[in-house]
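Student: Read off the chains here:
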Amino acid sequence: MLQRLITSREALLLGAIAVLLALISTRFPGFVTPSNLADVFNDTSPLILLAIGQMIVILTKCIDLSVAANLALTGMVVSMLNLAFPGLPVALILVVAITLGALMGMFNGILVWKLDIPPIVVTLGTMTIFRGIIFLISDGKWVNSHEMSPAFKAFPRFELLGLPMLSWTAILAVIVFTIVMSRTTLGRAAYAVGGNPHAATYTGIEVGRTQFWAFTISGALAGLTGYLWVSRYAVAYVDIAGGFELDVVAACVIGGISIAGGIGSVGGALLGALFLGVIKNALPVINVSPFWQLAISGGAIIIAVAVNARASRTKGRIILKSAEHAA
Amino acid sequence: MTDTTRFIPDRLQSPLQKRLKSWESLLLLVAIAIFVANSFASPYFLNAWNLSDATFNFTEKAMIAFAMALLIISGEIDLSVASIIALASTAMGAAVQMGAGTPVLILVGLGTGLLCGAFNGVLVTRLGLPSIVVTIGTMSLFRGISYIVLGDQAFRGYPADFAFFGQGYVFWVITFELVLFAVIAVIYGMILHMTNFGRAVYAIGNNPTGALFSGIRVARVKFILFLLTGLMSGVAAICLTSRLGSTRPSIATGWELEVVTMVVLGGVNILGGSGTIPGVVIAAFVMGLVTFGLGLLNVPGIVMSIVIGALLIGVIALPRLWKMWRAQ
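So the protein lines, in turn, are chains A and B. Here the working numbering = 1-based position in the first sequence + 2. Here the working numbering = 1-based position in the second sequence + 842.
It is worth saying that the hints were derived from the structure and are not from the lab. Predicted, not measured: the structure shown is a model, and the values here were computed from it. Treat each hint with caution, since some may be false.
[To be verified] Pairs of lysine to any residue, SDA-like flavour, derived with a Cα cap of 25 Å:
(1) B:1165 to A:109
(2) A:116 to B:1164
(3) A:116 to A:189
(4) A:116 to B:1095
(5) A:116 to A:100
(6) A:116 to A:197
(7) A:282 to A:297
(8) A:155 to B:1095
(9) A:282 to B:1148
(10) A:282 to A:292
[What the hints assert, rightly or not] A few chain B positions that, by computed beta-carbon distances, are all more than 10 Å from chain A:
(11) 866
(12) 873
(13) 882
(14) 899
(15) 936
(16) 941
(17) 971
(18) 986
(19) 999
(20) 1090
(21) 1112
Each residue gets a CB set at the ideal place from its N, CA and C atoms; glycine is no exception.
Construct the entire structure; sequences and hints are all you get.
Tutor: Now the structure itself:
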């Protein structure tokens, strides 16, 4: 039991993050102070939220490339809503953001479920459509800080027990979805569908329906993050979070979630996101140009997926693969 | 996800009937309809020089689309093509700074493309990794290297004779790129439809295990396809860099989507196993005509991307909706 715990992917990743932090702290002790680590966590919270949603989608053998565009569109809609009705309570804004995000996720889900279109095609398409819609509704204009109401901007910054609400939202999501994935029928269905779709069908789990709910959850989390994002950075425009979907997929792959479906955990998604978050926040500290970040996350995806493939190959389930490589 | 029952018909359709009912002829009708609609919508459309300019909308992307079509038919995908363009263009820009002439630039562009393709190919075929994750990774990696090299700077100062590839005319309004597009289309059409290699590509896409047991070197064929896709991205990089006359790390952003859209619109099954080069050729024209026509009507680029995204989903969704409606 203890051995399994130590050699698990999560423990390995936690170790990698610890080594990374130790390396940074040898030259910059200030980086590992609790207050700075809390800042890093807060900065990584949007990535954590999206990575959890993406994890569930990937578990069911799908992929959601539209999350960043969903985030940006929801962010723009709630910003414009706030601009038009400054008195709207934040609770209502949150409901609108989650609902709108979920609806966009459902749109993806319906296309995958009912029309059986490959998820990558669906979400590549909706990714551009959502971005385009932002331009249509905003006319390419920005919603700036001074146009947002103070209450709208205050929510993610509001501190509770020393941590801002943005961090608490991520923590809450980690707890909720850990429970959902391990203790509910939906969570078990997601693993079953990804692990073996045929067997899942025979046990009475509808594959398409499970995928639909996975997309809905991913969309809802993207919508929620959309509001948190625009209120935290106090600006909304067409290109916010551009290319962020790749970071999200990277976080999942680094977190040990198998792109073939069926393998992964909320903890893995959390640690994968934190790994990227630490690197991103450490780069300016150790005086590396931010232009390195894209290449580093690309390299991290490739290394992580290669390591994952090596790790899972020892199980020896696939007999033919080796023959294929010998060819 | 679900297995569909396949019926073997009692009698085959006559070749002519089959051809008329094919995806390609439907697409050709769409292309003609768009052409006619465009010529009514804007008085500037039916002008040889304008139409010649419009071909730039698709020639470079279509060159990649032909190689991508083969790759998708074999059941793989390469999302890093636009980033290969960025890296190849950056390499050419760096070569210019070191005083390279046009022939060297061409070699650098093609070489970078081949290297990137080989990198993808090794990861997919040797390590057995899923191509979609690998190329999402290399998509960040290749463009990331461009950003490391260039930052917020740009490479300029390409030699004057280098401009021919993207700006030159072979005859009257016929651009060099259009000729290259046609030549590449014919080459890929012949590779896919007339060679053993092409048959192997279909076989792998339909049944990789079956193909392996029939003696097809699956890994090698896939590796070659990744090489070809990289090479074509290098060719596109040469044309695009020559046309723009400068290199920024953000060059060709989002092209991977348009290339995949072009391939899918051309009737290639995204899950692999079927598709034709003529289909991709017509799809290239359709996309070029749509973007050019909307451009003449002053529709902004980002709105066009909505149309492209909707086209991508629509062309796959509509036949399936039609089938569902017929089944009822």
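Student: If a hint holds in the structure, say so; if it doesn't, say that too.
Tutor: Going through the hints against the structure:
With a CA separation close to 20 Å, the supplied pair residue 1165 of chain B and residue 109 of chain A stays within the 25 Å bound. Of the pairs offered as hints, the one joining residue 116 of chain A and residue 1164 of chain B holds, with about 13 Å between alpha carbons and a cut-off of 25 Å not exceeded. Of the supplied pair hints, the one linking residue 116 of chain A and residue 189 of chain A holds, its CA atoms being roughly 21 Å apart against a limit of 25 Å. Between residue 116 of chain A and residue 1095 of chain B the CA atoms are separated by roughly 32 Å; this puts the pair beyond 25 Å, and the hint is violated.
A C-alpha spacing of about 23 Å is found between residue 116 of chain A and residue 100 of chain A, which places the hinted pair at or below 25 Å, so the restraint holds. A threshold of 25 Å between alpha carbons decides the hint, and for residue 116 of chain A with residue 197 of chain A the separation of about 21 Å falls inside it, so the pair holds. Our distance criterion of 25 Å between C-alpha atoms is met by residue 282 of chain A and residue 297 of chain A, whose separation comes to about 12 Å. Under the criterion of a C-alpha separation no larger than 25 Å, the hint pairing residue 155 of chain A with residue 1095 of chain B is inconsistent with the structure, at around 32 Å.
For the hint linking residue 282 of chain A to residue 1148 of chain B, the alpha-carbon distance of about 32 Å lies beyond 25 Å, and the restraint is violated. Distance restraint check for residue 282 of chain A and residue 292 of chain A: the Cα-Cα separation of roughly 8 Å lies within the 25 Å cut-off, and the hinted pair is therefore satisfied. For residue 866 of chain B, the shortest C-beta to C-beta distance to chain A comes to about 20 Å, beyond the 10 Å cut-off, and the non-interface label holds. With a least beta-carbon separation of about 21 Å from chain A, residue 873 of chain B lies farther than 10 Å from that chain, consistent with its non-interface assignment.
Annotated as non-interface, residue 882 of chain B keeps its C-beta farther than 10 Å from every C-beta of chain A; the closest such distance is 25 Å. Residue 899 of chain B, annotated as away from the interface, keeps every beta carbon of chain A farther than 10 Å; the closest lies near 16 Å. For residue 936 of chain B, the non-interface assignment is confirmed: its Cβ lies about 15 Å from the closest Cβ of chain A, beyond the 10 Å cut-off. The non-interface label for residue 941 of chain B is consistent with chain A: the shortest C-beta to C-beta separation is roughly 25 Å, beyond 10 Å.
Separation of residue 971 of chain B from chain A is inadequate, the least Cβ-Cβ distance of about 5 Å not exceeding the 10 Å criterion. Residue-level check failed: residue 986 of chain B sits 3 Å from the nearest beta carbon of chain A, not beyond 10 Å. No beta-carbon of chain A comes within 10 Å of the beta-carbon of residue 999 of chain B; the shortest separation is about 22 Å. Every CB of chain A lies more than 10 Å from the CB of residue 1090 of chain B, the least distance being 12 Å, so the non-interface label holds.
The Cβ of residue 1112 of chain B sits about 5 Å from the closest Cβ of chain A, inside the 10 Å cut-off, so the non-interface label is violated.
Checked against the numbered hints above, the structure violates hints 4, 8, 9, 17, 18 and 21; every other hint is satisfied.
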